[in-house]
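Chemist: Order-wise, the sequence lines are chains A and B. Straight run, no breaks: the first sequence in the working numbering ends on number 206. Straight run, no breaks: the second sequence in the working numbering ends on number 1271.
Hints are computed from structural coordinates only; laboratory data are not their basis. C-beta: ideal position from N, C-alpha, C; glycine also. Keep in mind that a hint or two might mislead.
Claimed, not checked - Below are the SDA-like pairs computed for lysine to any residue, each with C-alpha atoms no more than 20 Å apart in a straight line:
1) Lys1104(B) / Gly1056(B)
2) Lys142(A) / Leu130(A)
3) Lys1104(B) / Arg1061(B)
4) Lys1255(B) / Arg7(A)
5) Lys1255(B) / Tyr1226(B)
6) Lys1255(B) / Ser10(A)
To be verified - Per label pair, the in silico range of CB-to-CB distance:
7) Met19(A) / Arg1168(B): 50 to 58 Å
8) Met15(A) / Gly1243(B): 21 to 29 Å
9) Leu115(A) / Val934(B): 52 to 60 Å
10) Cys58(A) / Met975(B): 42 to 50 Å
11) Met15(A) / Val1167(B): 48 to 56 Å
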Amino acid sequence: MNHRIVSTVVMMIVAMFIGATALFAWAATIVAPPESGAAYAPENPHPPSRRTESCLDCHTPDQGTIPVTHRNYPVETCAQCHRQAPRVLVPHSVGMGDARCPLCHGEPARDLGIPVSHLRYETGECLLCHPVDPDSYFKQPPPAGLSLSYAAPIPHVTDDIFTDCSYCHHLGPRRSLPENHRDFALETCMDCHEPGVTEADNQ
Amino acid sequence: MRLIIRGVFWFGLYLTLILFPLVAGVVFFGDQQAASPLIYLGIATGYIALALMATELALVSRFGGVAGAFGLDSLLQFHRQIGIASMAFAVAHPVLLIADRAYTMSLLVPSGAAPWPVSVGLVAFVMAALVVGLSVYRRQLRLSYGVWHMTHGLLSIALIGFAAAHVLGIGRFAALPVMRALWVIYLLFFVLMFLRYRLFRPLSLMHRPWEVVENRPEHGQSNTLFLRPVGHDGFRFEPGQFAWMGFGRSPFSTDQHPISFSSNGDIPSHDGTIAFTIKQLGDWSTEVVPNVEPGTRAWVDGPHGVFTIDREEGAGYVLIGGGVGITPLYSMLQALETRGDVRPVFMFHAANDYDDLTFREELEAMAERMPSLTLVTVLLRADDSWEGERGFVTADILARYLPPTIYRRFQYLICGPGPLMDAMEEVLPKIGVPSDRIHTERFDMV
Chain A
4 MNHRIVSTVV
14 MMIVAMFIGA
24 TALFAWAATI
34 VAPPESGAAY
44 APENPHPPSR
54 RTESCLDCHT
64 PDQGTIPVTH
74 RNYPVETCAQ
84 CHRQAPRVLV
94 PHSVGMGDAR
104 CPLCHGEPAR
114 DLGIPVSHLR
124 YETGECLLCH
134 PVDPDSYFKQ
144 PPPAGLSLSY
154 AAPIPHVTDD
164 IFTDCSYCHH
174 LGPRRSLPEN
184 HRDFALETCM
194 DCHEPGVTEA
204 DNQ
Chain B
826 MRLIIRGVFW
836 FGLYLTLILF
846 PLVAGVVFFG
856 DQQAASPLIY
866 LGIATGYIAL
876 ALMATELALV
886 SRFGGVAGAF
896 GLDSLLQFHR
906 QIGIASMAFA
916 VAHPVLLIAD
926 RAYTMSLLVP
936 SGAAPWPVSV
946 GLVAFVMAAL
956 VVGLSVYRRQ
966 LRLSYGVWHM
976 THGLLSIALI
986 GFAAAHVLGI
996 GRFAALPVMR
1006 ALWVIYLLFF
1016 VLMFLRYRLF
1026 RPLSLMHRPW
1036 EVVENRPEHG
1046 QSNTLFLRPV
1056 GHDGFRFEPG
1066 QFAWMGFGRS
1076 PFSTDQHPIS
1086 FSSNGDIPSH
1096 DGTIAFTIKQ
1106 LGDWSTEVVP
1116 NVEPGTRAWV
1126 DGPHGVFTID
1136 REEGAGYVLI
1146 GGGVGITPLY
1156 SMLQALETRG
1166 DVRPVFMFHA
1176 ANDYDDLTFR
1186 EELEAMAERM
1196 PSLTLVTVLL
1206 RADDSWEGER
1216 GFVTADILAR
1226 YLPPTIYRRF
1236 QYLICGPGPL
1246 MDAMEEVLPK
1256 IGVPSDRIHT
1266 ERFDMV
C-alpha cells in the first residue's frame, strides 16, 4: 500500500479518536451532572484528637464518601493532597453545653449559621471538633437571636390591625417566625425591625 | 473487490476494538463515575492510549488476514505512526487531569507516599515513552536492532501490564465490576495475540528448519544467501514477497529480520531452495550475514507481504528500485520471464555508482532475453564513459521511456531508500498515475 495513503489513514484515525474522546466527554456529561474541578482537594476537617487509623471505615468508595478512584489509596497517602483544615474555635463560653449551639448557629445562611455541609451532624457533637478558645472561656456569647446584620425592615404598614404582630405572626404550634426567634416575645419585634412601609407609601 | 471488503472489515474491527472501552464506559455509566468534563476527556484519552498500545501487539503479530489485506510493511508503518500517536494520547491523559485539578501533580512525583495505582501508571507511562523513544531514535542512540527488538517486545508487554494495573487500581469506570471484567478479557485477548506470535508461531516453525547452502557476495556490499529446506518441502511464494529470517539453534530468537526473496518462487519444478539478498546496512547485516557459512541453521517465517505483481493487475509494470531495493523487483522479473508474460515492463534501476548496482549482470542478461523488458539504469555518480541516465530518477527520466498513451494504466512498484520512494510517491501522482497504482515496500522503520 502506498506510504502516503497509510499516513493519511493514520491522520484520519487519530482525528476520529480525538472526536471520540470529545463525544465520550459530552455523553458522560449528559448522563451525569459533572462536578467541577477544584484548586485544592477538600481539606481534612478532623482535628488530630478525632482522627483514627480507621478513616477508611467511613470513607469508602462504596458509601460514596470518597471518590471511586481512591479505592486503592492507603490511608497514609491522604495527607498528600488533603491538607488539615484550620480549626474554628468557639470564641465564647460553652457552659450550657453544645445542645444550645443551634439556637444561634442552627440555620445555614444566617449570621454565624452552620455550613450546609454540617447539617448531617447531630446536635450535641459540635464541641468534638470546635473546642473553646481558652482565652474566651468565660466570655458570654451575645444574646441568642441577636443578628449581627441589620434586621430586615417590616414589609408592610404597622398601623390599625397591623399594630399587633401576633395577629399574623404566631407563636406556638403554627409558628411563623424563624427558628432562632422562638425565645423572643412578639412585643419586641420592633426593637430590631423598623417599619419599612408607611401609610404615605401606600397612597 | 474482495480485498477491499477484507480491508474494510479489518479497519472496522480495529475501530471497534479501540472504541470498545469508551462505549462500555458510557453504557455502564453510574453516578459514582461523575466527574468534570476535563476529567472525562482525560479518562477517554487514557483509554484510547491503552487500547491503541494493546492493539499494537496484535498489529505486528503477523496475523495473516490483516497482512493480506494491507501488506505487512503498511502494517509496520501504521504500527509506527499509531505508536507515536498513542504516546500523544498518553501524554494528554495526565495533562488533562492536572489541568482540572492542579494539586494532583504532587502525586506524579515519585515518592513512597504516592498511592500504588498512581505509581504503576507512571511506570507504564515511562515505559511507553521508552518504547516509542527507542524506536524513533534507535539509530541516533546506536542501539543494535537485536537489542532494540528484544527490549521493544519486553517493554511493550510490561507497559500493558502496568497500565492494566493502573486502570484496574484507580480507573473511575473500572470501579464497576462489569467494566473490570471486560477490561481483563479485553487485554487478555491482545496478550494472547502476542503470545501467538512470540510463542505459538515459533513452535510451528520448530519442525521446518532451513540450511544455508551458499553465501554469494554481490555488487553493492550485498550477499545472497541460498537456503534449502531440511526435512520439509519449503514453500512457494509470490514474486516480491518477503520472509522473517534469523539464524540460531531455535526459532524463538528475537533476532529475526524481514528480508525480500531475491529468487524466483515460480519455477514449476522448484526444489524448495530460496534466496535472500541482504545489503550491509546495519549491525546484523554487516557483522553476521557476510560471515554465514554453508550449513548454518536458519529459520524462515513466511511468505509475507502484498508487494507483488500477482496482486496488482495492469497493462504493464514499472519497477523502480534503488540499492538493495532491487531484490523483490528482481524476483518479479524472474517470474515474469518464467511465465513468458508479454506485457511491457520498465525497470528503472537506481544506484549511487556502477559498483553499487546489485544484479547488474543478471539484469542486463535478462533484458537481452526479454523483449518486453526495458532496463533503465540511473547512476548518481558516473564517469564520462557512462552512457546511461544520471542523477536521481525524475519525472523527466520516466517520461523519456514510458509510453505516453498508456503509462497511466501500468502498475508502479517501488522499492529502495526512503528518499527514492518519497520522491516517487510525489512525482507519479503529478504525472497522472493514480495513487492506487503506486505500491511501495518499506522495511526501514526503525
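Chemist: With reference to the structure, classify each hint as holding or not holding.
Modeler: Structure-based check of all given hints:
1. Lys1104(B) / Gly1056(B): Answer violated: Lys1104(B) to Gly1056(B) is near 29 Å, above 20 Å.
2. Lys142(A) / Leu130(A): 16 Å, holds
3. Lys1104(B) / Arg1061(B): Status violated; Cα separation ~24 Å.
4. Lys1255(B) / Arg7(A): The hint holds at about 14 Å.
5. Lys1255(B) / Tyr1226(B): Measuring from Cα to Cα gives roughly 17 Å; hence the hint holds.
6. Lys1255(B) / Ser10(A): Distance ~18 Å between Lys1255(B) and Ser10(A) Cα, so the pair holds.
7. Met19(A) / Arg1168(B): 50 to 58 Å: Cβ of Met19(A) to Cβ of Arg1168(B): about 40 Å, so the range 50 to 58 Å is violated.
8. Met15(A) / Gly1243(B): 21 to 29 Å: Holds, since Met15(A) and Gly1243(B) (Cβ atoms, about 23 Å apart) stay within the stated range.
9. Leu115(A) / Val934(B): 52 to 60 Å: About 41 Å separates the Cβ atoms of Leu115(A) and Val934(B), which means 52 to 60 Å is violated.
10. Cys58(A) / Met975(B): 42 to 50 Å: 46 Å, holds
11. Met15(A) / Val1167(B): 48 to 56 Å: 40 Å, violated
In this structure, the earlier hints numbered 1, 3, 7, 9, 11 are contradicted, and the remaining ones agree with it.
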